[in-house]
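Numbered per our numbering, the sequence shown finishes at 75, counting up by one with no gaps.
Because the hints were derived from the structure by calculation, they are not lab data. For each residue, glycine too, the CB sits at the ideal point set by N, CA and C. One or more hints might be untrue.
To be verified - Each computed EDC-like pair below joins lysine to aspartate or glutamate, with the alpha-carbon atoms no more than 20 Å apart:
id, residue 1, residue 2
1, K52, E14
2, K52, E13
3, K49, D23
Claimed, not checked - What follows is a set of in silico ranges between Cβ atoms, one per label pair, in the way DEER data are often shown:
id, residue 1, residue 2, range
4, P2, D22, 34 to 40 Å
5, L7, R55, 24 to 30 Å
6, K52, L7, 20 to 26 Å
7, A25, P2, 14 to 20 Å
8, K52, P2, 14 to 20 Å
9, G43, D22, 20 to 26 Å
10, A25, A3, 31 to 37 Å
11, K35, A3, 18 to 24 Å
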Amino acid sequence: MPAAAALMDELVEEFLLRLPPDDPASLVNAALVCKRWGRLIAGPAFRRKFRKIHRTKLLHMARGQVCRRRRRRRQ
Numbered sequence: 001m002p003a004a005a006a007l008m009d010e011l012v013e014e015f016l017l018r019l020p021p022d023d024p025a026s027l028v029n030a031a032l033v034c035k036r037w038g039r040l041i042a043g044p045a046f047r048r049k050f051r052k053i054h055r056t057k058l059l060h061m062a063r064g065q066v067c068r069r070r071r072r073r074r075q
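Work out the full structure: start from the sequences and follow the hints.
Below is the structure:
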């Protein structure tokens, strides 16, 4: 991955980590922005960092909701 793309991923990840944990819909909506953001949010590293910052777990069903929403969009 080029250095600029890696830097952009880091910046986006920092932004996404600051989303409020009490509003899981915000993460679902962010994951729907593009495939890259969806992959960042679904990744284990993001979940680990999110837990460390907010001291809470992400909903496991959030990824399934994202997938279902994407399928509905395509139809």
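Lying within 24 to 30 Å: is that true of the beta-carbon distance L7 to R55? holds, 28 Å
Between G43 and D22, does the C-beta distance stay in 20 to 26 Å? holds, 22 Å
Can the restraint linking K52 and E14 be considered satisfied, given a maximum Cα separation of 20 Å? Holds - the C-alpha atoms of E14 and K52 are around 13 Å apart, at most 20 Å.
Decide if the proposed pair is consistent with the structure: K49 and D23, CA atoms, cutoff 20 Å inclusive. holds, 17 Å
With the threshold set at 20 Å, check whether the alpha-carbon distance from K52 to E13 stays at or below it. holds, 14 Å
Within 31 to 37 Å or not, the Cβ separation of A25 and A3? Because 33 Å falls inside the window, the suggested range holds.
Within 20 to 26 Å or not, the Cβ separation of K52 and L7? holds, 22 Å
P2 and A25 - C-beta distance against the hinted 14 to 20 Å: violated, 32 Å
Is 34 to 40 Å right for how far apart the beta carbons of P2 and D22 are? Cβ of P2 to Cβ of D22: about 36 Å, so the range 34 to 40 Å holds.
K52 versus P2 beta-carbon gap, inside 14 to 20 Å or not: Between K52 and P2, where Cβ atoms are some 28 Å apart, the hint is violated.
Range first: 18 to 24 Å. Now tell me if the beta carbons of K35 and A3 are that far apart. Given about 21 Å between the Cβ atoms, the range holds.
Hint check: violations occur at hints 7 and 8; the rest are consistent with the structure.
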